[in-house]
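S.K.: Chain order of the listed sequences is A and B.
Under our numbering, read the first sequence as residues 1 to 116, first letter to last.
Under our numbering, read the second sequence as residues 1 to 115, first letter to last.
Quick caveat, the hints were computed from the structure, so don't treat them as lab data.
Fair warning: there could be bad hints in the mix.
What the hints assert, rightly or not - Computed cross-link-like contacts, DSBU-like style, restricted to lysine-lysine with a CA-CA straight-line distance of at most 35 Å:
1) A:Lys70 to B:Lys11
2) B:Lys11 to A:Lys115
3) B:Lys14 to A:Lys73
4) A:Lys73 to A:Lys115
Unchecked claim - Just a sample of chain B residues kept apart from chain A, beta carbon distances all over 10 Å, derived:
5) Lys14
6) Arg15
7) Val19
8) Leu21
9) Ile26
10) His29
11) Arg64
12) Phe66
13) Gly72
14) Lys78
15) Arg81
16) Gln83
17) Val89
18) Gly103
19) Thr105
Glycine included, every Cβ here is placed at the ideal spot set by N, Cα and C.
What follows is each chain in one-letter form.
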Amino acid sequence: AQTVTQSQPEMSVQEAETVTLSCTYDTSENNYYLFWYKQPPSRQMILVIRQEAYKQQNATENRFSVNFQKAAKSFSLKISDSQLGDTAMYFCAFMLRGYNNNDMRFGAGTRLTVKP
Amino acid sequence: GAGVSQSPRYKVAKRGQDVALRCDPISGHVSLFWYQQALGQGPEFLTYFQNEAQLDKSGLPSDRFFAERPEGSVSTLKIQRTQQEDSAVYLCASSLGGTGRLGYTFGSGTRLTVV
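With the sequences and hints as input, model every part of the structure.
M.R.: Put into structure tokens, the structure is as follows:
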């Protein structure tokens, strides 16, 4: 079974600074996808960034980037130039690759607070 | 629609009452998912539809939980004889194809409180 672990229940960062959120996962499979979702108080889960395991290049989306270490089964999220609007819960998620695969597993989340 | 719409946004139910939660996915999205998110936790998978077919219901916690998507668009999650442990946010998500490789689009959820 696949599991996702986020070891930091809460983190804070000063506005304009950089913060890194940790995520590790456990799987015996080789082909999968990894995601980071943001959940603000509105409760809607918003996709921040995704990574395909067969791609060695780390994904980047504007101020958000990942450090994907496949051998270590680690998938951390780096937020650069933090903004007040980045304050939210952040969830790491894992999903096996395959048609009709539907089981996206989430970690317990990290609550990020960006301080002015 | 432009996004995944869920209603009601909040629901308070007395223990033993039946509830029905609605999800209106993005138009044309084939796949639809229900997740349960307990307070302070990540979402947990409940069930999955591809069009009108319920292909996976392995996450439904008991036979009091039932989901349907009769015409392959709107879905309803029904909980019979609600219990306090059913209190959670219920999230619906949809995706265009049969795989979720691009990620899911989530709604804002229904917060169910059983008193």
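S.K.: Each hint should be assessed against the structure and marked as holding or not.
M.R.: Status of each hint after checking the structure:
no.	hint	in the structure
1	A:Lys70 to B:Lys11	42 Å, violated
2	B:Lys11 to A:Lys115	33 Å, holds
3	B:Lys14 to A:Lys73	44 Å, violated
4	A:Lys73 to A:Lys115	31 Å, holds
5	Lys14	23 Å, holds
6	Arg15	24 Å, holds
7	Val19	18 Å, holds
8	Leu21	13 Å, holds
9	Ile26	13 Å, holds
10	His29	13 Å, holds
11	Arg64	22 Å, holds
12	Phe66	18 Å, holds
13	Gly72	16 Å, holds
14	Lys78	20 Å, holds
15	Arg81	26 Å, holds
16	Gln83	22 Å, holds
17	Val89	6 Å, violated
18	Gly103	4 Å, violated
19	Thr105	8 Å, violated
Of the numbered hints given earlier, the model fails hints 1, 3, 17, 18 and 19; all others are met.
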